[in-house]
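Chains A and B supply the protein sequences, listed in that same order.
Counting in UniProt numbering, the first sequence runs from 1 upward without gaps.
Counting in UniProt numbering, the second sequence runs from 1 upward without gaps.
Simulated from the structure, these hints should not be mistaken for laboratory data.
Among the hints, erroneous ones may be present.
Repeated chains share a single entry, so a pair holds when one copy, or any two copies, can fit it.
Said to hold, decoys possible - Here are the simulated lysine to any residue pairs, SDA-like style, with alpha carbons at most 20 angstroms apart:
1) Lys207 x Asp176
2) Lys65 x Glu107
3) Lys229 x Gly286
4) Lys229 x Glu193
5) Lys264 x Gly286
6) Lys92 x Lys110
7) Lys63 x Val117
8) Lys200 x Asp166
9) Lys65 x Lys110
10) Lys14 x Glu143
11) Lys264 x Arg334
12) Lys65 x Val117
13) Lys63 x Gln120
14) Lys110 x Ser91
15) Lys184 x Pro245
16) Lys92 x Glu107
17) Lys237 x Arg269
18) Lys92 x Ser105
19) Lys63 x Ala118
20) Lys65 x Gln120
21) Lys264 x Glu289
22) Lys110 x Ile158
23) Lys65 x Ser105
24) Lys110 x Asp88
Number of protein chains: 2
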Amino acid sequence: MKKGHQVTMKEIAKKLGVSVSTVSRALKDSPELHPDTKKRIVEMAESMNYQYNLLAQSLRISKTKVLGVIVPELTSHFFSSNISGIQDTASKRGYNVMICQSNESFEQEKANLRTLVAAQVDGLLISLSRETKSYEHLHNLYEREIPFMMFDRVTEEIPVSKVTVDDAHGAYLVVDHLLKEGCKRVAYVSGQEDLYISKKRKEGYLKALLDNGKSLEDAIIYVTDLTSKGNEEVALKILSDSNRPDGVFCMIDPVAIDVMLVFKENGIRVPGQIALAGFTNNPTSGVIEPSLTTVSQPGYEMGVIAANHLLDQLDDLVSTEPQSFVLQTTLIPRNSTKKTSL
Amino acid sequence: MKKGHQVTMKEIAKKLGVSVSTVSRALKDSPELHPDTKKRIVEMAESMNYQYNLLAQSLRISKTKVLGVIVPELTSHFFSSNISGIQDTASKRGYNVMICQSNESFEQEKANLRTLVAAQVDGLLISLSRETKSYEHLHNLYEREIPFMMFDRVTEEIPVSKVTVDDAHGAYLVVDHLLKEGCKRVAYVSGQEDLYISKKRKEGYLKALLDNGKSLEDAIIYVTDLTSKGNEEVALKILSDSNRPDGVFCMIDPVAIDVMLVFKENGIRVPGQIALAGFTNNPTSGVIEPSLTTVSQPGYEMGVIAANHLLDQLDDLVSTEPQSFVLQTTLIPRNSTKKTSL
Numbered sequence: 001m002k003k004g005h006q007v008t009m010k011e012i013a014k015k016l017g018v019s020v021s022t023v024s025r026a027l028k029d030s031p032e033l034h035p036d037t038k039k040r041i042v043e044m045a046e047s048m049n050y051q052y053n054l055l056a057q058s059l060r061i062s063k064t065k066v067l068g069v070i071v072p073e074l075t076s077h078f079f080s081s082n083i084s085g086i087q088d089t090a091s092k093r094g095y096n097v098m099i100c101q102s103n104e105s106f107e108q109e110k111a112n113l114r115t116l117v118a119a120q121v122d123g124l125l126i127s128l129s130r131e132t133k134s135y136e137h138l139h140n141l142y143e144r145e146i147p148f149m150m151f152d153r154v155t156e157e158i159p160v161s162k163v164t165v166d167d168a169h170g171a172y173l174v175v176d177h178l179l180k181e182g183c184k185r186v187a188y189v190s191g192q193e194d195l196y197i198s199k200k201r202k203e204g205y206l207k208a209l210l211d212n213g214k215s216l217e218d219a220i221i222y223v224t225d226l227t228s229k230g231n232e233e234v235a236l237k238i239l240s241d242s243n244r245p246d247g248v249f250c251m252i253d254p255v256a257i258d259v260m261l262v263f264k265e266n267g268i269r270v271p272g273q274i275a276l277a278g279f280t281n282n283p284t285s286g287v288i289e290p291s292l293t294t295v296s297q298p299g300y301e302m303g304v305i306a307a308n309h310l311l312d313q314l315d316d317l318v319s320t321e322p323q324s325f326v327l328q329t330t331l332i333p334r335n336s337t338k339k340t341s342l
Numbered sequence: 001m002k003k004g005h006q007v008t009m010k011e012i013a014k015k016l017g018v019s020v021s022t023v024s025r026a027l028k029d030s031p032e033l034h035p036d037t038k039k040r041i042v043e044m045a046e047s048m049n050y051q052y053n054l055l056a057q058s059l060r061i062s063k064t065k066v067l068g069v070i071v072p073e074l075t076s077h078f079f080s081s082n083i084s085g086i087q088d089t090a091s092k093r094g095y096n097v098m099i100c101q102s103n104e105s106f107e108q109e110k111a112n113l114r115t116l117v118a119a120q121v122d123g124l125l126i127s128l129s130r131e132t133k134s135y136e137h138l139h140n141l142y143e144r145e146i147p148f149m150m151f152d153r154v155t156e157e158i159p160v161s162k163v164t165v166d167d168a169h170g171a172y173l174v175v176d177h178l179l180k181e182g183c184k185r186v187a188y189v190s191g192q193e194d195l196y197i198s199k200k201r202k203e204g205y206l207k208a209l210l211d212n213g214k215s216l217e218d219a220i221i222y223v224t225d226l227t228s229k230g231n232e233e234v235a236l237k238i239l240s241d242s243n244r245p246d247g248v249f250c251m252i253d254p255v256a257i258d259v260m261l262v263f264k265e266n267g268i269r270v271p272g273q274i275a276l277a278g279f280t281n282n283p284t285s286g287v288i289e290p291s292l293t294t295v296s297q298p299g300y301e302m303g304v305i306a307a308n309h310l311l312d313q314l315d316d317l318v319s320t321e322p323q324s325f326v327l328q329t330t331l332i333p334r335n336s337t338k339k340t341s342l
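Isolated chain A (complex conformation):
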């Protein structure tokens, strides 16, 4: 332990075997707790020479009525839907919203966090960049007792509330659909394999294969770096494979669209020769020909739920005990997988 180290609520919680939020409520003299519990915690805090974080307290009291949001990118339809949901909810409850984008950069994400904290936002909603693999900045935020929660790109390392989408189930739905439409060999085009969504959607892909009488040996997985060039290379690789798949599930719609354009350029009939599906329901997917089967994620609802829960916490309407919200996805069958009617 460093010299001059300040005792944290986490350390008090650990000593007593209670949760951090219980410690927090005890030190705030919350009426929700039993007086004995409160007494035990306050005495422990005093014995450990705990210093109440006066700055954080004063910030909490002089509310700015502003929420800070950090998203990886704003050009993505999904994240801009999240933000619309957050903004509409915040407005209804008298809050304004300031947004920073990390551009998928870990350094930028940390700079965003410093900026929004310096701007004295009342709370933060954070979706992690692809590069973020260590969480010291979030631990620090947590220790400073600045209220925040995470959405979509989350980590289990920090005990705050989270809103995510059931990625594995969404992938299951679409792969199951391809197999039910009569595809014999369904491939999965994945993004970089260490991405959370790559893994989760692979899980759903494999489970759908197994549930439809296939084995793990039947899995055919291609990996793209998610650039248009990478997607086109994968499409050409699929076409040149000796044992070509007759159904392809792409991790996200932009990949499926690039793949479709290459298939069409090469005279492949979609879905006649190869059925194709994506994930996310981008605006383009409904107007491309053939229209793209996909999975819709409740991006707007995710923003609403995240903002409402954080504001409920700020207004002491709910406890700060971490909650986990997992939202369901919906299969949107379109022409790109309509094998049965052809």
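Assemble the complex: chain A is given as a structure, and chain B must be docked to it using the hints.
Relative to the frame of chain A, chain B by itself:
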């Protein structure tokens, strides 16, 4: 004049017949000005009992290295491109960016402004909401000497620097193209007629008609409220017109895409029977069939130019004299207007 009214730099400038930025530089004791000019301004300021805005000064000195951005909406490809340009430029110069969206609401725009000013941003980049018809909030910002400039949706009422796109010329290019491809009767589908871009693009539309030997009587103008429902109604109206146009220029791509879908549903060949073009070059426009002829706007470059100019002003590399940057657009001819080869 209200009681307790504080004398502004604008009033001093008016009295002396000099620009506000000259007054500002004189009061900051800038070496750029002739000592006599400086002396004359300082004496006038004293005689008028001008109070230096100490708060603004102190904010200016303790830089936060943050730029605030206000945009009408984040789901628009154009504005998210602007933001990418702003963000990349700011990052390179050691600044971070906080973004607020007005959701096309005047009240929200004013709330955003208050939020960003309270967060002590060093400067602001503002694009106005559709609803904004009065400018007191911007006059106020100007009076408080908080550096800002405007982009895309601007007003001439405030003497700050602006970056816009040459809308009229872009519309001219696409209408000229439709006529050169052999269209005899080209219609314009406009948004609400009081919108700045509706007017500017109409200007270009009419000029292209005139330059191609048509008269103003040949103009055929439809108006949509820019909702999908409104766009579809206009498309049906076009189809039922006794003297149907054989070329249609839609004010923005999303309108052209809705119109195209209705045409196709009604068995109209595009471009065979009606050629169709849009404006903005949305990602969908390149993948729809037939691919949509459109005009690309330099959204990213607009962001770069706006951010660089504002940062140049903040760093005293350029004067605060208002500049006007007008960026050129590019015609992107695609299949939806290819009449000649059919």
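Here's how the hints hold up against the structure:
no.	hint	verdict
1	Lys207 x Asp176	within (9 angstroms within a copy, 56 angstroms between copies)
2	Lys65 x Glu107	between (27 angstroms within a copy, 16 angstroms between copies)
3	Lys229 x Gly286	between (23 angstroms within a copy, 16 angstroms between copies)
4	Lys229 x Glu193	within (18 angstroms within a copy, 42 angstroms between copies)
5	Lys264 x Gly286	both (17 angstroms within a copy, 14 angstroms between copies)
6	Lys92 x Lys110	between (29 angstroms within a copy, 16 angstroms between copies)
7	Lys63 x Val117	both (13 angstroms within a copy, 15 angstroms between copies)
8	Lys200 x Asp166	within (8 angstroms within a copy, 46 angstroms between copies)
9	Lys65 x Lys110	between (22 angstroms within a copy, 15 angstroms between copies)
10	Lys14 x Glu143	within (14 angstroms within a copy, 54 angstroms between copies)
11	Lys264 x Arg334	both (17 angstroms within a copy, 17 angstroms between copies)
12	Lys65 x Val117	both (13 angstroms within a copy, 14 angstroms between copies)
13	Lys63 x Gln120	both (8 angstroms within a copy, 16 angstroms between copies)
14	Lys110 x Ser91	between (26 angstroms within a copy, 13 angstroms between copies)
15	Lys184 x Pro245	within (8 angstroms within a copy, 49 angstroms between copies)
16	Lys92 x Glu107	between (33 angstroms within a copy, 13 angstroms between copies)
17	Lys237 x Arg269	within (17 angstroms within a copy, 35 angstroms between copies)
18	Lys92 x Ser105	between (32 angstroms within a copy, 14 angstroms between copies)
19	Lys63 x Ala118	both (13 angstroms within a copy, 12 angstroms between copies)
20	Lys65 x Gln120	both (9 angstroms within a copy, 15 angstroms between copies)
21	Lys264 x Glu289	both (10 angstroms within a copy, 12 angstroms between copies)
22	Lys110 x Ile158	within (16 angstroms within a copy, 36 angstroms between copies)
23	Lys65 x Ser105	between (28 angstroms within a copy, 19 angstroms between copies)
24	Lys110 x Asp88	between (26 angstroms within a copy, 16 angstroms between copies)
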